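Novice: Listed here are the chains, written in short residue letters.
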Amino acid sequence: MERQEIEKRLEKILPKVSKPTRYLGNELNAVHKEFSQDKVSVALAFPDRYEVGMSHLGIKILYHLLNRRDDIVAERVYAPWFDLEDKIREMKIPLFSLESKEAINRFDIVGFTLQYELSYTNILNMLDLAQIPLKSKDRTKEDPLVIAGGPCAVNPEPLADFIDLIVVGEAEELIEELIDRYKEGKNREATRDQLLRELAQIPGIYIPEFYKIDYGKTEVLGLKVENDEVPEEILKQVITDFDEVYYPTEFLVPFMDIVHDRINLEVARGCSRGCRFCQAGMIYRPVREKSQERLEELSSDLINNTGYEELSLTSLSTSDYSQVKELISNLVDDYSKLGVSISLPSLRTDSFSIELAEKVQKVRKTGLTFAPEAGTQRLRDVINKGVTEEDLLKTIQAAYDSGWQRVKLYFMLGLPTETEEDLAGIVSLAKKVAKIGKIKVNVSVSTFVPKPHTPFQWVSFNRLTEIKDKINYLQKNLRGKGLSLSWNEPNLSLLEAAFARGDRRLNEVLFKAWELGCKFDSWSEHFDIELWQKAFNESGLSLDDYTYRNFDLGARLPWDHINIGVTKDYLKEEYQKALDAELTSDCRSDKCTTCGILQNLAIDECLIGGEKYSEN
Amino acid sequence: MKIRAKLAKRDPVKFISHLDLMNTLTRALRRAKIPIGFSQGYNPRPLISFGSALAVGITSSSEYIDFELKEKYRVAKFKQELNLELPIGIKVLEVEEIPQQTKSLMAQINAAEYKIKLQLKEEVKQEEIEKMLQDFMEEEEIIVVRKRRNKSDRKFNLRPMVFKLGLSDVKDESILIRTLIQTGSSGNLRPEELVKALKERYPISEEFNLTNVHRLGMYVKRKEELLTPFEVALE
Chain A
1 MERQEIEKRL EKILPKVSKP TRYLGNELNA VHKEFSQDKV SVALAFPDRY
51 EVGMSHLGIK ILYHLLNRRD DIVAERVYAP WFDLEDKIRE MKIPLFSLES
101 KEAINRFDIV GFTLQYELSY TNILNMLDLA QIPLKSKDRT KEDPLVIAGG
151 PCAVNPEPLA DFIDLIVVGE AEELIEELID RYKEGKNREA TRDQLLRELA
201 QIPGIYIPEF YKIDYGKTEV LGLKVENDEV PEEILKQVIT DFDEVYYPTE
251 FLVPFMDIVH DRINLEVARG CSRGCRFCQA GMIYRPVREK SQERLEELSS
301 DLINNTGYEE LSLTSLSTSD YSQVKELISN LVDDYSKLGV SISLPSLRTD
351 SFSIELAEKV QKVRKTGLTF APEAGTQRLR DVINKGVTEE DLLKTIQAAY
401 DSGWQRVKLY FMLGLPTETE EDLAGIVSLA KKVAKIGKIK VNVSVSTFVP
451 KPHTPFQWVS FNRLTEIKDK INYLQKNLRG KGLSLSWNEP NLSLLEAAFA
501 RGDRRLNEVL FKAWELGCKF DSWSEHFDIE LWQKAFNESG LSLDDYTYRN
551 FDLGARLPWD HINIGVTKDY LKEEYQKALD AELTSDCRSD KCTTCGILQN
601 LAIDECLIGG EKYSEN
Chain B
1 MKIRAKLAKR DPVKFISHLD LMNTLTRALR RAKIPIGFSQ GYNPRPLISF
51 GSALAVGITS SSEYIDFELK EKYRVAKFKQ ELNLELPIGI KVLEVEEIPQ
101 QTKSLMAQIN AAEYKIKLQL KEEVKQEEIE KMLQDFMEEE EIIVVRKRRN
151 KSDRKFNLRP MVFKLGLSDV KDESILIRTL IQTGSSGNLR PEELVKALKE
201 RYPISEEFNL TNVHRLGMYV KRKEELLTPF EVALE
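Chains as they are written, first to last, in the working numbering: chain A, 1 to 616; chain B, 1 to 235.
None of these hints come from the bench; they were simulated from the model. Keep in mind it's a predicted model, so treat the numbers as computed, not measured. Be aware that a few hints might be false.
Unchecked claim - Below 30 Å or equal to it, Euclidean Cα-Cα: the simulated DSSO-like pairs (lysine-lysine) are:
| no. | chain 1 | residue 1 | chain 2 | residue 2 |
| --- | --- | --- | --- | --- |
| 1 | A | K337 | B | K70 |
| 2 | A | K19 | B | K151 |
| 3 | B | K196 | A | K8 |
| 4 | A | K325 | B | K33 |
| 5 | B | K199 | A | K87 |
| 6 | B | K171 | A | K16 |
| 7 | A | K19 | B | K196 |
| 8 | A | K33 | B | K70 |
| 9 | B | K33 | A | K337 |
| 10 | B | K115 | A | K16 |
| 11 | A | K92 | B | K117 |
| 12 | A | K19 | B | K91 |
| 13 | A | K92 | A | K33 |
| 14 | A | K12 | B | K199 |
| 15 | A | K337 | B | K117 |
| 16 | A | K337 | B | K77 |
| 17 | A | K87 | B | K115 |
| 18 | B | K77 | A | K16 |
| 19 | B | K155 | A | K19 |
| 20 | B | K91 | A | K12 |
| 21 | A | K92 | A | K141 |
To be verified - Negatives, chain A to chain B, calculated, CB over 10 Å:
| no. | residue |
| --- | --- |
| 22 | Y116 |
| 23 | T417 |
| 24 | H561 |
Where is the CB? At the ideal position from N, CA and C, for every residue including glycine.
Start from the sequences, fold in the hints, and give me the full structure.
Specialist: Right, here's the structure in full:
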């Protein structure tokens, strides 16, 4: 459909849907370009609604990075909310880009970001709304190339039928090369197959259809590569000069309220703490920092270009950033008079972090969140969370003394080796904290989901019945003055667990679930476990088998052909140490833990950027 | 110092809410490096106050907003710098420095003028429409019901709240009506309520959206005298 026609029909629809601002595409710093034959058009797709998708930093980086080039047009698309979807289906309007209202099926490339497993049905639904064949094998040269990347790309198998090409690693590093090669192929009218074959040569690119995988009951029996040209293993690609790498300063600013409505300034990537449950901590290695000088320049440009009232210093662990104290002092000094506040996304459990929180929150003492993750020292040692009860109590006392009235304590249920004692530990720890002055304590629990490429990738998800008992136990016991409890719906984690460590056989389940009407699964009010059970049954598979599977340590895993740089031997060793409740220290301050990241990615030093300054 | 400004909110931004507009202005002021004042307290808010909120979907060529600045600033520069930073669809049309003790817009404005486009089901003669509007204005009582969240419905007579009502244009199968109605804290009539009342009496028009409404002006009405918020501040 021509965009004029789409616009005409939307004129009639938009006044009737909730928050039409979601679909306008005229935000500050949005890029409006002409489309033409000699340009490559890219639709950047986030499979959730606007408020969530617009909060995502990765899309913003890619959007501005690609639009810097005259030969690329990059536009955005998010999952339309229920009311708009009904209307565009009724009016036969194909899914369109926000900026130009161009039909998504007319773009050269459609790129999805894979941020969480429960967004997968939305990908299928968006492809369907875009009138693009759902399965890769049904697409022709006339259809866009459907690509995906992001953290879930470290096990892309459950999506292998639907995505033509997966980017493993940091897209900033290879997206331009991908587009250049695409453009070259497009110009000489290469067939779809030729094009895919050529793209498969780029390091970090995985094209699932070139790989045939044989499965046993759980493990992989064998993986066959279709021809010699495609690599047997796909190696994650990372930015090596993180200080110099492009970062947008013409940041998009929405009109409407979104989930994270602020400037995100990424100070570092990767985390060296080595918590054993944490996938981000493994897959985003090595740790790289931007220099304080660059961050101050970027802050100034970002504030000038957006007018935002808040700048958040983001990373997996911002209080670990080498110059964090100096950076925050300078930013607060420079911008508080303009009414711009500086914020930190999370805090480590130590007095240093309270000092930082003091600096950024000179006025308002809102709540603080700490994540002991587990209730006893033994279990915290199992997961390598280097926090002691003493640290926690001291830190919270310091926070209380500085004026904070509320703390949130975050724990996970269902961690490997968890016993009743660990649950009792959550209760007693929370009660000890609640004795500090008149502080209010909210205990927030979620269910641990074992993730690929972590030391716990071999182990089962905790039985749902047990999780429910554990929540009941906490409900009964976490009572008292100043105490409250909140928890996440464990059914959602159950499905997340199945897909996180899933394999190709789940493609059929996903397809069936979508046909049955599953979408927006990460929204508990729209999630329906019974539909998913049905989808599994109709595919001849069992949700329980996937959720509760244990892999043999010697088995070939469904995601073993994706190499994230951290070796499997290291993960095994970490798993063994977990069972022995033995700690592994942070390589930032101690010796190398031989995770393999530097050797595998052929990088000379860890903590790139940071060490240049830390000696002074 | 206090600055009173008249802004236009046009088609590209017709769907942004009152709160969105507030944030958009605050951010534009910051980009323009205009020294806007902030409230004291835990959660400093920029000192910006509106006349009356515009419903989502309605466009306007007369949104009045007061700005309190920390220091002296040239009003011409204020208009120029802010316009450079405002997104397409929002524009400062007029600015005046006003006395510090001027009452708030909210307390002053009591009338708003609208242009409303109605799509007709079939062609109707101009005289007939004029007659309809005239008849409407000759009524004493026209009761409408307003639904309220978490409260019982409110019934009220809208007739005294309609000061003027006339036909401004007829085009093929649509008409433009122009009306001056009561707004503000001592009584507020919404343009869609007027349309609803009209449609109930004369079922000549098709389905109606707020996107067919445009706010032309906001006034301080004193008996038969109609003053703009600028005139009131500077008298």
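Novice: Compare the structure with each hint and give your call.
Specialist: Outcome of the hint check:
Restraint check: the Cα-Cα separation between A:K337 and B:K70 comes to about 11 Å, which is no more than 30 Å; the hinted pair holds. A hinted pair counts as satisfied when its Cα atoms are at most 30 Å apart, and A:K19 with B:K151 qualifies at roughly 24 Å. Between B:K196 and A:K8, the direct Cα distance comes to roughly 26 Å. Compliance with the 30 Å bound is thereby established for this hinted pair. Only pairs whose Cα atoms come within 30 Å are accepted, and A:K325 paired with B:K33 is accepted, the gap being roughly 27 Å.
Pair hint B:K199 plus A:K87 holds up; C-alpha atoms about 26 Å apart against a cutoff of 30 Å. As the CA atoms of B:K171 and A:K16 are separated by approximately 25 Å, the hinted pair is consistent with the 30 Å bound. Proposed proximity of A:K19 and B:K196 is supported: the alpha carbons are some 23 Å apart, at most 30 Å. Under the criterion of a C-alpha separation no larger than 30 Å, the hint pairing A:K33 with B:K70 is inconsistent with the structure, at around 39 Å.
With a CA separation close to 12 Å, the supplied pair B:K33 and A:K337 stays within the 30 Å bound. About 21 Å separates the Cα atoms of B:K115 and A:K16, which keeps this hinted pair within 30 Å; it holds. Distance hint between A:K92 and B:K117 is fulfilled; the C-alpha atoms sit about 27 Å from each other, no more than 30 Å. The suggested pairing of A:K19 with B:K91 holds, with an alpha-carbon distance near 22 Å, which does not exceed 30 Å.
Between the alpha carbons of A:K92 and A:K33 the distance comes to roughly 26 Å, so the proposed pair stays at or under 30 Å and holds. For the hint pairing A:K12 with B:K199, the CA-to-CA distance comes to about 20 Å; that is within 30 Å, so the pair holds. Between A:K337 and B:K117 the alpha-carbon distance is near 46 Å, which puts this suggested pair outside the 30 Å criterion. Using a Cα cut-off of 30 Å, the hinted pair A:K337 and B:K77 holds, with the two alpha carbons roughly 21 Å apart.
Proposed proximity of A:K87 and B:K115 is supported: the alpha carbons are some 28 Å apart, at most 30 Å. A distance of roughly 40 Å separates the Cα atoms of B:K77 and A:K16; the hinted pair therefore is violated under the 30 Å criterion. Straight-line distance between C-alpha atoms of B:K155 and A:K19 comes to about 28 Å, which keeps the hinted pair within the 30 Å bound. Between B:K91 and A:K12, the direct Cα distance comes to roughly 26 Å. Compliance with the 30 Å bound is thereby established for this hinted pair.
Distance hint between A:K92 and A:K141 is fulfilled; the C-alpha atoms sit about 23 Å from each other, no more than 30 Å. Distance check on A:Y116: its Cβ is at least 28 Å (rounded) from any Cβ of chain B, clearing the 10 Å threshold; non-interface status holds. Chain B leaves A:T417 outside its interface by the beta-carbon criterion, the shortest separation being 44 Å against a cut-off of 10 Å. A:H561, annotated as away from the interface, keeps every beta carbon of chain B farther than 10 Å; the closest lies near 46 Å.
The structure does not agree with the numbered hints 8, 15 and 18 stated previously, though it agrees with the rest.
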